[in-house]
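J.: The lines below spell out each chain.
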Amino acid sequence: MKNSMLKIVFFAALREQLNCHELSINIEGLHTISDIKKLLANKDKNWQHTFNNMPLFCAVNHEMVDNEHKIKEGDEIAFFPPVTGG
Amino acid sequence: MIKNNTAEISIQTEDFNLTDEVALLEHNNSTDGAIVTFTGRVRNMNDGKNISSLTLEHYPIMTEKSLAKIIATAKTRWNIGRVKIIHRVGKLSIGEQIVFVGVTSQHRHSAFAANEFIMDHLKVEAPFWKKENYLNGEQWLSAKESDKQKAKKWF
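Just so you know, the protein sequences line up as chains V and B, in that order. Quick note on numbering: numbering that gives the first Met the number 0 labels position 12 of the first sequence as 11, and the sequence is numbered without any gaps. Quick note on numbering: numbering that gives the first Met the number 0 labels position 82 of the second sequence as 81, and the sequence is numbered without any gaps.
Everything labelled a hint here was simulated from the structure, so no lab data went into it. Take the hints with a grain of salt, since some may be wrong.
Said to hold, decoys possible - With a Cα cut of at most 30 Å, we get these calculated DSS-like pairs of lysine-lysine:
#1 B/Lys152 to V/Lys37
#2 V/Lys37 to B/Lys129
#3 B/Lys68 to B/Lys143
#4 B/Lys74 to B/Lys48
#5 B/Lys64 to V/Lys69
#6 B/Lys130 to V/Lys44
#7 V/Lys69 to V/Lys44
#8 V/Lys36 to B/Lys64
#9 B/Lys90 to V/Lys6
#10 B/Lys48 to B/Lys149
#11 V/Lys6 to V/Lys69
#12 B/Lys152 to V/Lys42
#13 B/Lys48 to V/Lys36
#14 B/Lys90 to V/Lys37
#15 V/Lys44 to B/Lys143
#16 B/Lys68 to V/Lys36
#17 V/Lys6 to B/Lys68
#18 B/Lys143 to V/Lys37
#19 V/Lys6 to B/Lys129
#20 V/Lys69 to B/Lys151
#21 B/Lys64 to V/Lys71
#22 B/Lys68 to B/Lys152
#23 V/Lys44 to B/Lys129
#24 B/Lys147 to V/Lys69
Chain V on its own, in the form it takes in the complex:
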């Protein structure tokens, strides 16, 4: 994977809804988590519906972040539903 790429991973109900566990995107033009969400929501109707309607958390490099978090090259970004362990 080139360094200008971001790895994005999805879990649980979100992974099944999108039928996607992992993808790579180029960081060019992207600055925050909000930017990534907008980009992903534009993929197709299913992605748009999912990102607009499902409550989602986001983690960058395994730490929870909010929408304004600034991303950088090589980051691993995860989207997932509220957690239900224990």
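Chain V is already provided as a structure; the job is to place chain B on it using the hints.
T.: Frame of chain V, contents of chain B only:
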């Protein structure tokens, strides 16, 4: 025999043995007079639906980081000795053990409080997800507002 496993956090598919875990918390530990353990198991029912099994998914590395942070916070709040968290992942049948939290301390109050604190925070912070499997179908569990409130009460 005492297993040589002193890691505080274990995410595993295999079952655990309560007696072994308590023995590890006690081994060479003459300062702590209290041991509080919690075990979570798979219930046969939830929200009026009969469950046949659970499937647990997690986000490796983040899970361990998140639990380590919860343990570190508990250690700053209470004077506790040893901590052990075990959380199973994969497919679990009714009655199977899901999660174990063990805490030792000199006196009982800290161990009780820290154990509950760890469980309350694990529920809302650690990236685990449960899917309920029924005879006819399956469904991912939704997060509960009551769990959020329980975690908040500590602040």
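J.: Please verify whether V/Lys36 and B/Lys64 have alpha carbons no more than 30 Å apart.
T.: The hint holds at about 24 Å.
J.: Need the status of pair V/Lys44, B/Lys143: alpha-carbon distance at most 30 Å?
T.: 28 Å, holds
J.: Within a Cα-Cα threshold of 30 Å, do B/Lys48 and V/Lys36 meet the stated pairing?
T.: Answer violated: B/Lys48 to V/Lys36 is near 35 Å, above 30 Å.
J.: For B/Lys130 and V/Lys44, compute the direct alpha-carbon distance and say whether it is at most 30 Å.
T.: 25 Å, holds
J.: When you check the alpha-carbon spacing of B/Lys48 and B/Lys149, does it fall within 30 Å?
T.: 24 Å, holds
J.: Regarding the pair V/Lys6 and V/Lys69, is the alpha-carbon distance no greater than 30 Å?
T.: Distance ~15 Å between V/Lys6 and V/Lys69 Cα, so the pair holds.
J.: With a cut-off of 30 Å on the C-alpha distance, tell me whether B/Lys74 and B/Lys48 pass.
T.: With a Cα-Cα distance of about 39 Å, the restraint between B/Lys74 and B/Lys48 is violated, given a limit of 30 Å.
J.: Regarding the pair B/Lys143 and V/Lys37, is the alpha-carbon distance no greater than 30 Å?
T.: Status holds; Cα separation ~27 Å.
J.: When you check the alpha-carbon spacing of V/Lys69 and V/Lys44, does it fall within 30 Å?
T.: 27 Å, holds
J.: Within a Cα-Cα threshold of 30 Å, do B/Lys90 and V/Lys37 meet the stated pairing?
T.: 34 Å, violated
J.: Would you mind confirming whether the straight-line C-alpha gap from B/Lys68 to B/Lys143 stays at or under 30 Å?
T.: 22 Å, holds
J.: If you draw a straight line from the CA of V/Lys44 to the CA of B/Lys129, is it 30 Å or shorter?
T.: 26 Å, holds
Going through the hint list in order, the structure does not satisfy hints 1, 4, 12, 13, 14.
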